[in-house]
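*Asks:* So you can see what is in the structure, the chains are spelled out below.
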Amino acid sequence: MAELPEPNGADRTAGAVAVAGVGAGVALTELLSGFIAELRNAGLPVSLTENLDAMQAVQHIPLDDREAFKYALGATLVKNAAHWRVFETVFEVYFSLRGHEYALTDDQADLLPDLDELLGELAEQQGDQRGAGGGAEMMTPEELAEQLYKALLQGNEAMIKALARQAVRRYAGMEPGRPVGGTYYLYRTLRNLDLDGILDRLMQQVRDGALEPLSPLEERLERDEFEMRAERLRQEIEAEIRRRLVADRGVDAMARTLRKPLPEDVDFMHASREEMAALRKAIYPLTRKLAVRLARKRRHGRKGPLDFRNTMRHSLSYGGVPADPKFRYPRPSKPEIVVVADISGSVAAFARFTLHLVYAINNQFSKVRAFVFIDGIDEVTRLFEGTEDIAEAVHRVNTEADVIWVDGHSDYGHAFEVFWQRWGKEVGPKTTVMLLGDARNNYHASQSWVLKEMQHRARHVYWLNPEPRSYWNTGDSIIGEYSTFCDGVFECRNLRQLERFVDHLV
Amino acid sequence: MASSAFRFESVPAVRESLRKVDYLADEGIAGVVYLAERLGKPVLIEGPAGTGKTQLAKSVADITGARLIRLQCYEGLDESKALYEWNYKKQLLRIQAERNDGSGDASRSWAEIEDDIFSEEFLLTRPLLEAIRADEPVVLLIDEVDRVEVETEALLLEILSDYQVSIPELGTVTANQIPLVFLTSNNTRELSEALKRRCLFLHVDYPDLEREREIVLAKVPGITDNLAEQVARIVRSLRQLELKKPPSVSETLDWARTLLLLGIERVDAATATSTANILLKYQSDIAKAAKELEQSDAVGGEAATAAKPWQRNG
Chain A
1092 MAELPEPNGA DRTAGAVAVA GVGAGVALTE LLSGFIAELR NAGLPVSLTE
1142 NLDAMQAVQH IPLDDREAFK YALGATLVKN AAHWRVFETV FEVYFSLRGH
1192 EYALTDDQAD LLPDLDELLG ELAEQQGDQR GAGGGAEMMT PEELAEQLYK
1242 ALLQGNEAMI KALARQAVRR YAGMEPGRPV GGTYYLYRTL RNLDLDGILD
1292 RLMQQVRDGA LEPLSPLEER LERDEFEMRA ERLRQEIEAE IRRRLVADRG
1342 VDAMARTLRK PLPEDVDFMH ASREEMAALR KAIYPLTRKL AVRLARKRRH
1392 GRKGPLDFRN TMRHSLSYGG VPADPKFRYP RPSKPEIVVV ADISGSVAAF
1442 ARFTLHLVYA INNQFSKVRA FVFIDGIDEV TRLFEGTEDI AEAVHRVNTE
1492 ADVIWVDGHS DYGHAFEVFW QRWGKEVGPK TTVMLLGDAR NNYHASQSWV
1542 LKEMQHRARH VYWLNPEPRS YWNTGDSIIG EYSTFCDGVF ECRNLRQLER
1592 FVDHLV
Chain B
293 MASSAFRFES VPAVRESLRK VDYLADEGIA GVVYLAERLG KPVLIEGPAG
343 TGKTQLAKSV ADITGARLIR LQCYEGLDES KALYEWNYKK QLLRIQAERN
393 DGSGDASRSW AEIEDDIFSE EFLLTRPLLE AIRADEPVVL LIDEVDRVEV
443 ETEALLLEIL SDYQVSIPEL GTVTANQIPL VFLTSNNTRE LSEALKRRCL
493 FLHVDYPDLE REREIVLAKV PGITDNLAEQ VARIVRSLRQ LELKKPPSVS
543 ETLDWARTLL LLGIERVDAA TATSTANILL KYQSDIAKAA KELEQSDAVG
593 GEAATAAKPW QRNG
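Just so you know, the protein sequences line up as chains A and B, in that order.
Note that the working numbering has the first sequence beginning at 1092, numbered continuously upward.
Note that the working numbering has the second sequence beginning at 293, numbered continuously upward.
Keep in mind that the hints were calculated from the coordinates and are not lab data.
From the three backbone atoms N, C-alpha and C, an ideal C-beta is built for every residue, glycine too.
Treat the hints loosely; a few may be bogus.
As the list claims (entries may be wrong) - Simulated coverage check for chain A against chain B, where a stretch passes if three residues somewhere in it have a Cβ under 8 angstroms from a Cβ of chain B:
hint, region
1, 1128-1142
2, 1168-1176
Stated by the list, open to error - Cut-off 25 angstroms, straight-line C-alpha distance, at most; resulting in silico cross-link-like pairs (BS3-like, lysine-lysine):
hint, chain 1, residue 1, chain 2, residue 2
3, B, K536, A, K1372
4, A, K1351, A, K1372
5, A, K1458, A, K1543
6, A, K1543, A, K1521
7, B, K573, B, K511
8, A, K1458, A, K1161
9, A, K1417, A, K1458
10, B, K583, B, K573
11, A, K1372, B, K583
12, B, K511, B, K537
13, B, K312, A, K1458
14, A, K1372, B, K537
15, B, K350, B, K373
16, B, K312, B, K511
17, A, K1372, B, K373
Same shape as in the complex, but just chain A:
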């Protein structure tokens, strides 16, 4: 009856689960295919085989074990650690109302005694004078805060969970049917809880409880611990809000609202801090690939012309017959890379990213020179070389580089002109020039002759533009004029496009 794939011989022996799940079979299959469709919508490359694997895997897992279920799906469907977060979000949406402890819609009232019980227990433990008659609903905000404080102090998971629910019910002020993602509700709940204040009290408590004053190290460790617990609370609150939203608006609508781009699709220009951190991690393998690509080009070059001298030399062993022709293989040239990056405000986010990229490239190639400009231009290679700490290097670039000439609005023309005057002769036939910027020139002179000369002299000139292609050549963007003198102009808004550029280099 169910559309489950036919288990092979070995699997059938483990039919216990299947028997238990026959009734749920159809529903489960349907749910799973919806789930997988949503994963694909979110951009995860789920193939048909992986789909079948997942279907098979869940048959071996007791269905009420939500964690095991999640890992079974994760192991079969997600093949990249960076995609795990997206998977988790979709999973939470699709299976948030499954499993007995997560039931919400069926019987909300069931939850309350649960919390009351916990509270009662807690009260007894601590000899609290609070009357047993007051349920969770009756608690004053002060009492709630007090309970929260105690839960965090003890690291009581169940209690944190219960309080998170209570807090959402009380403070989030959720309105049925409103098409929102929940960030606002989260914000409202957290604002009312005043977590910072509670953390403050917790630290004070630890300090008072200690026999001797805490050393800085101890203080730090305690604080890390409490922050971790507070983070747990925040996650619980977020999960609770999500559960309620799903119950209210249905799985599909929520999945659409909460859909997050994969790390490789995150726009550099609008990346959040967290996303930026993920991006930075992803750059390293990419630059390695870039290095490999360029190196391979060196090694597997086509055969060169006949090397007459060498052939003659080898012909001696054949009695003067040139039986073994020798060729002049192209000498492996070490590529030199010159990066010229716009770091003005309009591309600030992209610039931060490119600086990381430059730093990573720097580790892979023997000769990289980096320049940054706004309307003046400065060489920053030395800033990258001295340090091992990328954050510090980026900071130094932003503070020490002398990039302002007149008013601090980008002037590509002037920057290029100065570049050519001061460093132009160092661009040679081995040099690959990478220009990074949006080519928004504030209606200054373009000085595109510099690029023309550059293309003439350098091995390649590439331009990476962080703007969507549809914005090019609108307003003060003169990418079109520059692009005539480049070997390639690439839209480079996310990691995927950057990767495509690297692939193109072959």
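Using the hints provided, position chain B relative to the given structure of chain A.
*Replies:* The following block gives chain B in isolation, referenced to the frame of chain A:
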């Protein structure tokens, strides 16, 4: 009623038996090992260095009583090192011997000799083929698979999906029993889609505080609860900094052993700083950690530089 064909009863059972050999698995790890056995699929383990990826394969071999066959990958690994090779010296000898004792007996045709020298007797099995041909249960560990070139990865595909190896001269060798296969990767490059598709994927990250404490307790005999807790806490705080190479589990263990040897009961900032070179391998990391550990008001990483009120009144 799991049949006897399976080595594991359930996920908790896997976890329990791994614990017996001092490998503390979390829910995800145990679940994937269990599934790998049930579905007969290889497991691709990925994660930062020193989080026990290789150890997992060894431990699984240990609890199932299977032989561990290990293929260490490196750049330039090829068929003759991974799959099989013809023992051409022996083949030459064979032909030579034929000539000598044959003494004019030309009846043995070339085809016969050819059949003869391309028989199993002259085959040198390498790890992959060995795992396939084994009669007893084996665990195959393909270590650091991200080190081979993309082209070489293709060598693995046949064995991973069908548990067989095709040898042109002999035909196809199919597995007598399905080995448990583990591949590990440090993610220095993207593995090919084809390879990933054939495997279950397991990302092993740094353990959480609780698990790390237990690992320290299990692996460092004689350590006190108190010290283990402190070690785990400090390591967690260090991992929150933006370091070039955060401390791995194996480094945590080394550090715990050192502290034990030095007879230290309580770790203060000075001890932590002076022994930090065991945890951290870059000078810049050590300097950064020392700076962060000694002053408490810089919150982990660059994420939260905004001073919070409780740091002021201390």
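*Asks:* Report the numbers of all earlier hints that the structure fails to satisfy, in ascending order.
*Replies:* Hints 8, 9, 13, 17 are the ones this structure does not satisfy, whereas the remaining hints hold.
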